[in-house]
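Novice: As you go down the protein sequences, you meet chains A and B in turn.
Each step along the first sequence adds one to the number in this note's numbering, with nothing skipped, and position 292 is 412.
Each step along the second sequence adds one to the number in this note's numbering, with nothing skipped, and position 148 is 1035.
Calculated directly from the structure, the hints in this document are not laboratory data.
There may be inaccurate statements among the hints.
Chain A stretches covered by chain B per the calculated footprint, using a threshold of three residues with CB under 8 Å from any CB of chain B [stated by the list, open to error]:
(1) 155-166
(2) 185-196
(3) 263-270
(4) 338-348
(5) 392-405
In this text the structure is predicted, and so the values were computed from the model without any measurement.
By construction, the Cβ of each residue, glycine as well, lies at the ideal position given by its N, Cα and C atoms.
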Amino acid sequence: MERVELNREGLVLPATAPNVAADHEEIDRTPVRTYWQLARQRFVQHRLAVIALVVLVVLVALAYIVPLVTGPLFGRTNLAKIDAPATLEAPLGYDELGRNTAVRLMKATQTSLTIGFAAVLIIVGVGSLVGSIAGYMGGIVDNLLMRFVDIVLSLPVLFIILMIVALFGAGNVWVVIIAIGITGWTLAARLIRAEFLALREADFVQAARALGAGHRRIVLRHMLPAAMAPLVVAAALGVADSVITEAALSFLGFGISSPEASLGNMLTNAQEYFYSAPIRAVYPGLVLVLIVLCASFLGDGLRDALDPRQRIGK
Amino acid sequence: MARYVFRRTIQALPIFFGISVIVFMVIHLAPGSPVDRFRVPRVSPAQIQRLIELYGLDKPILQQYVSWVTTFVQVWRPEAWGYSFLDGQPVLEKVVTRAPATLRLMGTALAVTVLLAIPVGVLAAVKQYSWTDKIITTFATVGYAIPSFLLGIYILFFGGVVLPQWTGGRFGFPLFGMESFGKQGDVLDLAWHLVLPVTSLAIQQISGWARFMRSSMLEVLHQDYVRTAKAKGLPRGRVLGKHALRNALIPVVTLLGLSIPGLLGGAAITETIFSYPGLGSMFVESVGSRDYPVVLALTMLGGFTVVFGNLLADILYGVVDPRIKY
Chain A
121 MERVELNREG LVLPATAPNV AADHEEIDRT PVRTYWQLAR QRFVQHRLAV IALVVLVVLV
181 ALAYIVPLVT GPLFGRTNLA KIDAPATLEA PLGYDELGRN TAVRLMKATQ TSLTIGFAAV
241 LIIVGVGSLV GSIAGYMGGI VDNLLMRFVD IVLSLPVLFI ILMIVALFGA GNVWVVIIAI
301 GITGWTLAAR LIRAEFLALR EADFVQAARA LGAGHRRIVL RHMLPAAMAP LVVAAALGVA
361 DSVITEAALS FLGFGISSPE ASLGNMLTNA QEYFYSAPIR AVYPGLVLVL IVLCASFLGD
421 GLRDALDPRQ RIGK
Chain B
888 MARYVFRRTI QALPIFFGIS VIVFMVIHLA PGSPVDRFRV PRVSPAQIQR LIELYGLDKP
948 ILQQYVSWVT TFVQVWRPEA WGYSFLDGQP VLEKVVTRAP ATLRLMGTAL AVTVLLAIPV
1008 GVLAAVKQYS WTDKIITTFA TVGYAIPSFL LGIYILFFGG VVLPQWTGGR FGFPLFGMES
1068 FGKQGDVLDL AWHLVLPVTS LAIQQISGWA RFMRSSMLEV LHQDYVRTAK AKGLPRGRVL
1128 GKHALRNALI PVVTLLGLSI PGLLGGAAIT ETIFSYPGLG SMFVESVGSR DYPVVLALTM
1188 LGGFTVVFGN LLADILYGVV DPRIKY
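If we strip away everything but chain A, and leave its shape as in the complex, we get:
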């Protein structure tokens, strides 16, 4: 019988090796870091992305908490306070109907963000469904699905969205969400498909297949998590795009209309007071630009953080 010695990593050490102890010392003792720990470290190095994340979190928190606390105040008109200047409970003053501008702005941000998030759910859902089927099945299914993607990609997006929203019910939040979602999933589908084509023959997928895992398990538990990185980036940028589209729709009068508040209809409204109160056009615009800028910095940061090939600087 042979004596087998194991070192810390569980490797079999040759029993005859003369300087076992010396080898032992050279073992890399830096703690093993998981993928997510590494990703977090890479993300933290991206200063702009961290700032963007903080700003976004604050904005999202304000947008969801302020309307919750103030209730229907965003739409309440007050004749005594028409165009009244800023006070402590209305830091941005009152508008032409005596509504509290700050509260209304937060409600509008909430509406726009909700539509953005919901549309991105559709984009990510449909995109990963189509992309994973095409990438996993390959062959004729892949070919057909990708031709369909080509067609959707060639649609004049804004025209189609405007058409859907105008014909299926302008002012309906759900119509707006669906219109943005079903025209915007092509990029996500292409990304997921590309990842799947590469992953299909990867060792760990082969291993899962060899262990007898079914298609559903391979796709959902093994391949999708591995293909997540580009999807997360696309989702971050998708929120910004959807928020812009919603604002543009509402601005043109097809999206969310008054008395409901959205960043777009606040801008339309502000346009009428160019001469008397031009500052009113600045607030919703500023929030919009802030969301878009932060989402794009966040996207950049996530792209670097989730890419395992990126090195961690000292």
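Given the coordinates of chain A, assemble chain B onto it according to the supplied hints.
Specialist: Frame of chain A; chain B shown alone:
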């Protein structure tokens, strides 16, 4: 080359077919019917029924689609795209009347973009990490993040409201329209009206192009042949202009085709903001008043433009890059 262009054009046909099916389905699935506008008390149900039969709305959907598509492609006939519900004019004629305004707007915006973005992007790349580069990159990032409609509102406000106020009404840009009353056909007047819409349409394009040009130029500047050119003592201008720029422009050329969809969507919004009488504002008006024939025609035209832009990008890439073989 000619064979390649031909083959790509043939490949675009199924995409047109797909677009037409999707657009037709959306209109068909939408609640309401084109005859709804006749449902007023003085029109009897029998007359409505006659209209439905006249329009062929009682036929199976496949038959409706085929009859629409086969008529739609006969663009040499003035009635091919139907008649507008609003004024009864042939849609084709309305589109042809309005098209020059939009082409002028988009063309000028594109020209301004090319003329400004390429030098700016090259400058930022050549002076990488300098203050010039930082300023350009910051402006490009912010310019790219500002939605074009937002920019349109602010530019309209600044050029049409603030400037006249500052200068006591002596200097300012027109707030709306394409030409002043009584000055039809005056080129200077047309250009004057174009300044603000073109600015608001072009800034996002310029930002995107400049960023792309910068990264493309940076990539080329790190190539061995550029170092060789420098090493053998060529003057700086020659290295940058002849060795670097010409190669860096190759991927940028495809942007000419790829920026068309963005310009198209931007034009619809910009034209609406500036009340500019082009196809974009016509689309927004028609979609708002459910003018089905105009909506259909303009959406199909939009799809055609997008496909044409992609085709153009592919072909241009082959033309400027000698390494591409067909």
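Novice: If you test the structure against every hint from before, which numbers come out violated?
Specialist: 1, 2, 4
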